[in-house]
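Peer 1: Spelled out, the chains give:
Number of protein chains: 2
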Amino acid sequence: MIERQIKEEIELWIEDYFKDKGNYNKIIYDAMKYSLTVGGKRIRPILMLLTYKMYREDYKKIIPLACAVEMIHTYSLIHDDLPCMDNDDLRRGKPTNHKVFGYAMAVLAGDGLLNEAMNIMFKYILDNKEGLEACYTISKSAGVEGMIGGQVVDILGEGKKVTEDELTYMHKKKTGELITAPIVAGALLAKAPNEHVEKLKLYGEKLGVAFQIKDDILDVTGDANVLGKNVHSDDKMHKTTFITTYGLEECKIKCEQLTRECIKILRELNLHSEPLVALTRFLLERNN
Amino acid sequence: MIERQIKEEIELWIEDYFKDKGNYNKIIYDAMKYSLTVGGKRIRPILMLLTYKMYREDYKKIIPLACAVEMIHTYSLIHDDLPCMDNDDLRRGKPTNHKVFGYAMAVLAGDGLLNEAMNIMFKYILDNKEGLEACYTISKSAGVEGMIGGQVVDILGEGKKVTEDELTYMHKKKTGELITAPIVAGALLAKAPNEHVEKLKLYGEKLGVAFQIKDDILDVTGDANVLGKNVHSDDKMHKTTFITTYGLEECKIKCEQLTRECIKILRELNLHSEPLVALTRFLLERNN
Chain W
5 MIERQIKEEI
15 ELWIEDYFKD
25 KGNYNKIIYD
35 AMKYSLTVGG
45 KRIRPILMLL
55 TYKMYREDYK
65 KIIPLACAVE
75 MIHTYSLIHD
85 DLPCMDNDDL
95 RRGKPTNHKV
105 FGYAMAVLAG
115 DGLLNEAMNI
125 MFKYILDNKE
135 GLEACYTISK
145 SAGVEGMIGG
155 QVVDILGEGK
165 KVTEDELTYM
175 HKKKTGELIT
185 APIVAGALLA
195 KAPNEHVEKL
205 KLYGEKLGVA
215 FQIKDDILDV
225 TGDANVLGKN
235 VHSDDKMHKT
245 TFITTYGLEE
255 CKIKCEQLTR
265 ECIKILRELN
275 LHSEPLVALT
285 RFLLERNN
Chain G
5 MIERQIKEEI
15 ELWIEDYFKD
25 KGNYNKIIYD
35 AMKYSLTVGG
45 KRIRPILMLL
55 TYKMYREDYK
65 KIIPLACAVE
75 MIHTYSLIHD
85 DLPCMDNDDL
95 RRGKPTNHKV
105 FGYAMAVLAG
115 DGLLNEAMNI
125 MFKYILDNKE
135 GLEACYTISK
145 SAGVEGMIGG
155 QVVDILGEGK
165 KVTEDELTYM
175 HKKKTGELIT
185 APIVAGALLA
195 KAPNEHVEKL
205 KLYGEKLGVA
215 FQIKDDILDV
225 TGDANVLGKN
235 VHSDDKMHKT
245 TFITTYGLEE
255 CKIKCEQLTR
265 ECIKILRELN
275 LHSEPLVALT
285 RFLLERNN
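Chains as they are written, first to last, in this note's numbering: chain W, 5 to 292; chain G, 5 to 292.
It should be emphasised that the hints constitute simulated quantities derived from the structure, not laboratory data. If you're wondering where the values come from, they're calculated on a predicted model, not measured in any experiment. A hint or two may mislead.
Calculated cross-link-like contacts (lysine-lysine; reagent style PhoX-like; alpha-carbon spacing at most 20 Å) [said to hold, decoys possible]:
(1) W:K144 - G:K25
(2) W:K268 - W:K205
(3) W:K30 - G:K165
(4) W:K30 - W:K103
(5) W:K23 - G:K144
Footprint (simulated), chain G over chain W, 3 or more residues, beta carbon under 8 Å [said to hold, decoys possible]:
(6) 31-38
(7) 129-139
Heads up, the beta-carbon is just placed ideally off N, CA and C, and yes, glycines get one too.
Produce the complete structure using the sequences and hints provided.
Peer 2: Shown next, in the form of structure tokens:
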């Protein structure tokens, strides 16, 4: 299976990246690598590489950029888990970063991963100027008008009623942006036609919502051991979620419907999109 | 005076940048802007613009990049001040970010500023491809092999004896990198000859050390009201500093000597370097 091979290549790249890094500052590489390699489905980099691969075979050259996206995602998890945010002890079945490396180092490890992702992108475009738009897309998606903006609204909403508009904004930004961006970046890097980039953007947006609904469902129905993190955390934090807004059954229907829409968009591209279709289905059916 | 004019231009740019920003996420712009506009000498962006201005008059076009450096500097202060790091209540005579916006929002405001700085740089090079190397220089200087690396060693050193090598590493990274980088970036953006870039890099490195020694001196001899932050904080945190290592008098001599070396390098460029010379002197003589 191509996804499995790609996942291995991503993990090898990360392993290699951290080899022999650091001197007096070595501990921060350990902290960064810990959260990057503690597990994870690698959905975002795989989405990027599979999108690219529909157009071009030489996907290996963009693995550094795919891993930069994974670094951004990982930094956001480290900061999300901090005592001042969601205060989670467990992530992917292992102690969270601050539980292992301490509060200060976890803040710095997050900062470090975000910064490192940017370094990797600048370095990439030094040799591949045409990658600039893709990198800018990724950088914007992570920022205050993207993922961070969603996190802000999430935190503001703790313990109080959130409107449907705010909920939509929050999920679109917090989860959706960093799922859509690697897909769009993959298409841009592969020089896909503009109308494909637009369609893939729509695919990413729908996939992001479906992904978040599924996450909310799993937080209610999932098994902590399989999930590798605490369940009922939204309830504990008195958070408004898709479940509290629409109810569990409605959410399941919505998630399936979005998945169908995603697959329809992919099929209409008339490319070899089966690996992306399979991943899209997997994301609906996953139990962690 | 040109520095004063440049400082005003920087502050106008920042003011303008935050105009009408945000919707549901508005609070994070408030938090970012708060720390960006609560004061500050704007040394890093001014260094960048004055360096550039020795070669070219059209320095206004790089003001966004100079402000990106200021954003990176400001994010590092916000995270440094957090309870899990230096736990400072006061910065530039005003309550620190987390004291005003809360712990979680301060973490996010820091993340947001770093990310926004990167966005600004990517956007700049979309229109000015030749700015790429300068942006990469800035991005690297902030990362785990730069400023963050220094901060790591600083934290590891709390309450224990730090070797002279570690101290040198720490200051070179924590303070020096983000002083050297805008100078080098300014030179690169102005297309200064290679040997000038090298000389200005050396100038920046020496200036960074002088700056840090002066900071350590002020922490011992300064007035909290003038400094706008608590004094004797290094002592309180049991930190090894230039003062604990070399003693106050030796530090004053070292600082003056470095300043002279800096000015010598500037003079040898045979350019109109007087504004940079004046700034270098001011940094030695400052009382905050």
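Peer 1: Compare the structure with each hint and give your call.
Peer 2: Status of the hints after comparison with the structure:
no., hint, verdict
1, W:K144 - G:K25, "holds, 15 Å"
2, W:K268 - W:K205, "holds, 14 Å"
3, W:K30 - G:K165, "holds, 18 Å"
4, W:K30 - W:K103, "holds, 18 Å"
5, W:K23 - G:K144, "holds, 18 Å"
6, 31-38, "holds (count 4)"
7, 129-139, "holds (count 6)"
Hint violations for this structure: none, all hints satisfied.
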